[in-house]
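Chain order of the listed sequences is S and R. If you want my numbering, it's the position in the first sequence, counting the first as 1, plus 811. If you want my numbering, it's the position in the second sequence, counting the first as 1, plus 38.
What the hints contain is simulated information worked out from the structure, not anything from laboratory work. Treat each hint with caution, since some may be false.
To be verified - Cβ-Cβ distance ranges computed for the label pairs, FRET-style:
no., chain 1, residue 1, chain 2, residue 2, range
1, S, Leu831, R, Gln80, 21 to 29 Å
2, S, Ser839, R, Thr153, 33 to 41 Å
3, R, Lys93, S, Ser895, 36 to 44 Å
4, S, Thr862, R, Val41, 15 to 23 Å
5, S, Ser820, R, Glu90, 22 to 30 Å
6, R, Thr118, S, Asn852, 16 to 24 Å
What the hints assert, rightly or not - Pairs of lysine to any residue residues, derived as SDA-like cross-links and limited to a Cα-Cα distance of at most 20 Å, are as follows:
no., chain 1, residue 1, chain 2, residue 2
7, R, Lys79, R, Lys104
8, R, Lys104, R, Thr153
9, S, Lys923, S, Tyr850
10, R, Lys79, S, Thr862
11, R, Lys104, R, Val154
12, S, Lys911, R, Glu90
13, R, Lys79, S, Lys869
14, R, Lys79, S, Gly917
15, R, Lys79, S, Gln856
16, S, Lys911, R, Thr69
17, S, Lys911, R, Met83
18, R, Lys79, S, Leu818
19, S, Lys869, S, Lys911
20, S, Lys911, R, Thr153
21, S, Lys869, S, Thr888
Note that CB positions come from ideal geometry on N, CA and C, so glycine has one too.
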Amino acid sequence: AQSVTQLGSHVSVSEGALVLLRCNYSSSVPPYLFWYVQYPNQGLQLLLKYTSAATLVKGINGFEAEFKKSETSFHLTKPSAHMSDAAEYFCAVSDPDFNKFYFGSGTKLNVKP
Amino acid sequence: GAVVSQHPSWVICKSGTSVKIECRSLDFQATTMFWYRQFPKQSLMLMATSNEGSKATYEQGVEKDKFLINHASLTLSTLTVTSAHPEDSSFYICSARDLQGGNSPLHFGNGTRLTVT
Numbered sequence: 812a813q814s815v816t817q818l819g820s821h822v823s824v825s826e827g828a829l830v831l832l833r834c835n836y837s838s839s840v841p842p843y844l845f846w847y848v849q850y851p852n853q854g855l856q857l858l859l860k861y862t863s864a865a866t867l868v869k870g871i872n873g874f875e876a877e878f879k880k881s882e883t884s885f886h887l888t889k890p891s892a893h894m895s896d897a898a899e900y901f902c903a904v905s906d907p908d909f910n911k912f913y914f915g916s917g918t919k920l921n922v923k924p
Numbered sequence: 039g040a041v042v043s044q045h046p047s048w049v050i051c052k053s054g055t056s057v058k059i060e061c062r063s064l065d066f067q068a069t070t071m072f073w074y075r076q077f078p079k080q081s082l083m084l085m086a087t088s089n090e091g092s093k094a095t096y097e098q099g100v101e102k103d104k105f106l107i108n109h110a111s112l113t114l115s116t117l118t119v120t121s122a123h124p125e126d127s128s129f130y131i132c133s134a135r136d137l138q139g140g141n142s143p144l145h146f147g148n149g150t151r152l153t154v155t
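Using the sequences and the hints, build the whole thing.
Here it is, written out as structure tokens:
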């Protein structure tokens, strides 16, 4: 069985501050992990993915995430938040065959000027 | 990059009518498409997996006679909400799996906002 837990349904940061969105996973097989971003009334856009290669994964828009097996975590970070980063972020896990994706409950990021 | 087109982007219908939502993969073949439902302020809930040329696989608790899925070609899957009721109002998102795509195995449509009055 696979699942992800996102701690914090809402995160608020000031523009220019560090962004940290937390994701912990549970998987009985080596996981593939993803972060997606969703803007209002839109679908999901892939930010980055981990597929058993480098544990530090760099994505679009300056985001990166580090896979830590010992902590079963895949937290998303960005050194300096922009106003345009305000959106909802979803962590997801799938098996290596991409047969099914399981999404976390989402974290809404608010960026204050 | 790969694009998934979902249509319509929003629809309002009366209770008791049926609504069809289309999901098309525009520049790749998708043998598998997924249908998700998203309630306000919640995550995506997988409803069903749509396989080209065969019957869809529904998740537990999803009524297959209520949510009819047809995947007749490698680029098109449709979800029909039959005899819609206000509780069916939700945001429906499709995604398509591109096994040839190097960047992401899942590409998402922009969703359909269904409101049943």
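### Message
Under the constraints set out in the numbered hints, which ones does this structure not fulfil?
### Response
5, 7, 10, 13, 19 and 20
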